[in-house]
Amino acid sequence: MRYLPLLFLSLLLLSSCQKEEKSYALDLPPGFPEVDLPEDNLPTPLRVELGKRLFFDPILSRDSSISCGSCHFRQLGFADDRVISPGIEGRLGLRNAPILTNLIYRENFFFDGGVPNLELQVVAPVEDENEMDFHLGGVVERLARHPEYAALLEKAYPGKPLTFAFTRAIASYERTLLSGQSAFDRYYYQGDSNALGSQEKRGWQLFQDKGCRDCHSGPNFSNEEFINIGLYADYDYNGDPGRRRVTALDSDIGQFKVPSLRNIALTAPYMHDGSMQSLEEVVDFFASGGKAHFNKSSQMQAFALSAQEKADLIAFLESLTDWDFVQGTD
Amino acid sequence: MFNLLSKFSLAIAAFALVFSMGSCKKDDEDTATDTDLSMHLHYKVGTEDFAYDQVYTIDGVAVKFTLAQFYVSGINIMNDDGEMHSFDDLFLLAKPSQMDYALGTVPASFGDHLHMLNFNLGVDSVTNSQTEADFTSRDANDPLAAQNPGMHWSWNSGYIFMKFEGEIDTDGDGTTDSTAHWHVGKNSFLRAVELTAHEEMNENHTINVELDLSTIFTNTNLATDYQTMTMDNMPLATKVADNMATAFGVE
Numbered sequence: 108m109r110y111l112p113l114l115f116l117s118l119l120l121l122s123s124c125q126k127e128e129k130s131y132a133l134d135l136p137p138g139f140p141e142v143d144l145p146e147d148n149l150p151t152p153l154r155v156e157l158g159k160r161l162f163f164d165p166i167l168s169r170d171s172s173i174s175c176g177s178c179h180f181r182q183l184g185f186a187d188d189r190v191i192s193p194g195i196e197g198r199l200g201l202r203n204a205p206i207l208t209n210l211i212y213r214e215n216f217f218f219d220g221g222v223p224n225l226e227l228q229v230v231a232p233v234e235d236e237n238e239m240d241f242h243l244g245g246v247v248e249r250l251a252r253h254p255e256y257a258a259l260l261e262k263a264y265p266g267k268p269l270t271f272a273f274t275r276a277i278a279s280y281e282r283t284l285l286s287g288q289s290a291f292d293r294y295y296y297q298g299d300s301n302a303l304g305s306q307e308k309r310g311w312q313l314f315q316d317k318g319c320r321d322c323h324s325g326p327n328f329s330n331e332e333f334i335n336i337g338l339y340a341d342y343d344y345n346g347d348p349g350r351r352r353v354t355a356l357d358s359d360i361g362q363f364k365v366p367s368l369r370n371i372a373l374t375a376p377y378m379h380d381g382s383m384q385s386l387e388e389v390v391d392f393f394a395s396g397g398k399a400h401f402n403k404s405s406q407m408q409a410f411a412l413s414a415q416e417k418a419d420l421i422a423f424l425e426s427l428t429d430w431d432f433v434q435g436t437d
Numbered sequence: 068m069f070n071l072l073s074k075f076s077l078a079i080a081a082f083a084l085v086f087s088m089g090s091c092k093k094d095d096e097d098t099a100t101d102t103d104l105s106m107h108l109h110y111k112v113g114t115e116d117f118a119y120d121q122v123y124t125i126d127g128v129a130v131k132f133t134l135a136q137f138y139v140s141g142i143n144i145m146n147d148d149g150e151m152h153s154f155d156d157l158f159l160l161a162k163p164s165q166m167d168y169a170l171g172t173v174p175a176s177f178g179d180h181l182h183m184l185n186f187n188l189g190v191d192s193v194t195n196s197q198t199e200a201d202f203t204s205r206d207a208n209d210p211l212a213a214q215n216p217g218m219h220w221s222w223n224s225g226y227i228f229m230k231f232e233g234e235i236d237t238d239g240d241g242t243t244d245s246t247a248h249w250h251v252g253k254n255s256f257l258r259a260v261e262l263t264a265h266e267e268m269n270e271n272h273t274i275n276v277e278l279d280l281s282t283i284f285t286n287t288n289l290a291t292d293y294q295t296m297t298m299d300n301m302p303l304a305t306k307v308a309d310n311m312a313t314a315f316g317v318e
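Chains as they are written, first to last, in this note's numbering: chain X, 108 to 437; chain A, 68 to 318.
For reference, chain A alone in the conformation it holds in the complex (with noise of 0.2 Å):
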């Protein structure tokens, strides 16, 4: 009898650790929760803030800006264990009027680490191509609807993936004088922007990067060529694009 009752204990006991272990993992499941998680951008140059029209000191040579609009596309983020979430169909337009951009929502199941961001700078070829729907077609809050100023060629059909114009100092006075412009596009300058982030996400998070317009003219003449729509000057625009790709970082 007593074995009897002992075998009954000895279920229900395993029983009652089973289902607390059950419960246990419930609780778990239902502590963690979805991340809205947001990109704050910040331009600098350097290790000075951004401005429009302020003058700075680049290579030794005096710039300012006028316009510094890029597209940002291919969103996604990755944990620790290499498990990806895209951000599908997200395509951001940034200006540094705007710091703050919603990337949208992270399931509970992608975890609370955030190992890396990557991104694109420009847009994937179906979307430049303009044949499934043009800049005329969408609607006016679509980053890539028509925008003034204006984001894409109309000549040359297709997105501007990078857009930075202002001034330069040509003859070494300090003083810029000089229009200069660097719009780069085409498919084959699209370029790919990986960082690591190693934060924790909560439930509002956002992650910091910033962006050193400082070094997206390196290893060019910045006194003598200052000039590229891209198919005029190739080597100029390759060089601006690569320059962009490793000009980000996670603050």
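The shape of chain X in the complex, shown without the other chains (with noise of 0.2 Å):
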């Protein structure tokens, strides 16, 4: 009986600390790395149930009119079939939209780098006047008047600022936007031999014979480097220098992101303009090398390719589709 007190104590603490400890197992595809989560935005059901809502509502746009929602499509594997998305009153920006696919495995964010990590990227199509141009002040004022998210948002992040919680909810709720079961997942991670057809697998031969590997590589097809594959002659046609927009050095232009190729059958228009519309005219580029540009890659050589060959690439590529991802609701 003396021991009753210690007891329900002891029941108190282990309740408590199951409530805070409560976390959100992210469902990493078989055979993708494990990765590091930023300490201050471990993920929680409530950060990402409250990030997903808040990724579909267009209270962060100045004009209440669109939402991150409105320029990536879950069943476009999270990108936009148009060549610009329009922003709000029909804006137009400079660059399509990237897909938001495996973002856990990015090391920096935009085709530029400009941004260091996932939170931070948030606020930047929130503030670009051709996205939502709003500012974060308005943001935060909206999100204090209403009936749920301030509330909502305080329990998810106790003591902090609604600036930091909505770009941490919306982040986490990012980063559960992982594909990792295509047919070319089965094949290669998960050593199913008849997920790939013969066909399928000799495009995947031909992507590492031909060196686009090289740069489209690991679980998220894309070594997060800069590239510059000689898209343009002159990068100063529409403005858009690539990483030299953030960096200003000359060694820059043209260098933008190596994308990832996930849903890439999904996910046209093509490269950081929304220039090419299918994947036969981005085969064909890569296979003519490319423009002359102070800058292009020396990874980017022209190569022969037959038509059946194109046709195997191609088929390579439309594996890497994930149905169960861009078919899905979470």
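Bear in mind the hints are in silico, worked out from the structure with no lab data behind them.
A quick note: this is a predicted structure, and the numbers were derived from the prediction, not measured.
By construction, the Cβ of each residue, glycine as well, lies at the ideal position given by its N, Cα and C atoms.
Treat each hint with caution, since some may be false.
What the hints assert, rightly or not - Here are some of the chain X residues that sit facing chain A, going by a computed Cβ distance under 10 Å: (1) Asp219; (2) Val230; (3) Glu234; (4) Thr270; (5) Ala272; (6) Thr274; (7) Tyr296; (8) Gly298.
Given two chains presented individually in distinct reference frames, assemble the corresponding complex, making use of the accompanying hints.
See the structure below:
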């Protein structure tokens, strides 16, 4: 009997610990490497759910007309099939909407790598005058007035400013967008030798032999580096010099982040500016070796490709579609 | 006997003298006090007081400002002996609407004489990297928190060290007709300001600093080159940053 208070306290502590430690189990695809998560934004069910709700809520745009989900569609691998996604009032920026798949493995963000982490990335489209054209003060004011968001964000991130909480919540949701169940994944990472047909296997071999994998490597099909592929002879044509925009170095003109190829068959149009409409066009471009430019990578070399090989290569790229992911709802 | 008394008296006198000297010194220490130091920042354009939306003529060009803010950090003062007191971790967001800025307490050991005031325009590279604490994680009253108008870049993470916006007369008719902006940031644009003050400080001392915005466009062609977000016009950003470092004086 004298141990009853101690037992009660232990149960209380156990229950509060369990409550604090409740975490969201990230469903990393088989064969994918473990990830480092930011200490101040470990995922919990509440954070992920809140982030998802905010991702699809136009509350973050100045005129409440668009959300993150207005330009990143799950059925398109979280990309957009428009060349440039319109922002508020139909405004157009410079670049094609990137996919948001497997962001957990990315080292920096945007085609020019100007943002060091996913949490800060959330702010850029909110403040971009061609996207949501809002400011953080306005977002905070709205969230504070909202009947649910303020309390839920406080519960998810106790004692933290709303700017901190809403950016972390959206980043938490984005980290759950994991795609690794394509036919190729079943073949390569899960050991199912029948998951790919013979044409796709030939395409996979070509992908390696022709040097595509030199840059599109790893589980995310990107080496996370910046490269000038000779897309243009002059990158000033539309005011987008690539990574030079954030480094001011002429050696970075035309350098863009190597994009992931996850769900690539669904993410047309291609290239940083959405200038190519089909995978055929993209393969032809790389086979041509690209245009001359003083920063063009030496890895960009022309190569011969028969019609059959081209079809094989594209079949391989199509095998990267993760239908469970793009048809999912979480 | 006399000799003994005399020696004893001498010892007493010596003790009293030493004691009295000690007590004088103590009295001196007691009278020295800490100083609460503030900075009064007076925005000017040439000899005129500054006001938003007022049209000034700078280098023969009509200009008006709609925004003029900048970060001040790395603040320290120096006495005549070259001893320095730093106001660590103090960041100020200077703006025309706020003229007075508390710098902190200067310990009595620094002395009364303020020989120099030094500070940086912008923030250090660690703070600017956004890796330890970014602008979204700071409390609203922190100058480094997200501001409105914004003092950070979200597409190229970092603080905007100096942000000036306004309008310029580009056709020479005396009326401003084109929007102008000078947003200067990135680590290499941090600039140091060194001001000689030569002031005696009291318990609550304010150092009066003036900023002459007419000088920040020196060696620029104001009527034709009036927009920079730093990376898109590095030469202009460099000139504005360099000029800002010389635009201050002690009143």
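Hints broken by the structure, by number, lowest first?
As far as the earlier hints go, 7, 8 are violated by this structure, in ascending order.
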